[in-house]
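Chemist: So the mapping is simple: the numbering used here equals the position in the sequence shown, first residue as 1, plus 12.
Calculated from the structure, these hints are not laboratory results.
Quick caveat: nothing in here was measured; it's all calculated off a predicted structure.
Heads up, the beta-carbon is just placed ideally off N, CA and C, and yes, glycines get one too.
Only true hints are included.
Cβ-Cβ distance ranges computed for the label pairs, FRET-style:
id, residue 1, residue 2, range
1, I26, L88, 25 to 33 Å
2, A33, P84, 29 to 37 Å
3, Q90, N60, 36 to 44 Å
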Amino acid sequence: MSHLFFFFHIVGIILWLGGLATIGLLLFFMRRESNTIKSQVLPVVVRNITRITHIGAGFLLLGGVPLLFLIPHDKLSQFWVQYMGGVGILVVLISLFMLTNTSKEITVSGANTSRALRAYLQWLFVILLLSLSVLVVVIFKL
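Taking the hints into account, I'd like the entire structure generated from these sequences.
Modeler: In structure tokens form, the structure reads like this:
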């Protein structure tokens with residue numbers, strides 16, 4: 013059973029981080045485009061990739077939370093387990109709420125897309141840095 017949870021967890025990480033990295037690169041390169049192109053392309057792109065990242069976050073949590081309960085009690089006091097569980101869940105929840113909130117500002121017609129785009133990229137940068145810190149701690153089991 014733990015292999016199934018691990019599979020869901022890895023698939024969730026791939027979809028979630030892959031979606032975040034994809035939207036980050038697309039938005040970074042589109043920030044210099046004209047407002048007409050942004051207003052036509054951004055809502056569709058942001059909406060579709062947000063769906064993918066939400067599905068990935070669901071798989072990530074669906075596999076990760078049961079895996080935390082399957083960890084032996086003698087390993088629960090290790091730093092990497094606590095960091096992964098605490099910061100990892102916090103980062104996923106922040107990404108779900110904050111990126112969804114700022115993506116709604118991008119998809120609303122008539123909104124100031126450059127301001128909303130800047131806010132989205134800032135939150136995305138913070139989330140990706142925190143996610144990479146979790147991955148580094150878990151990989152090296154610090």
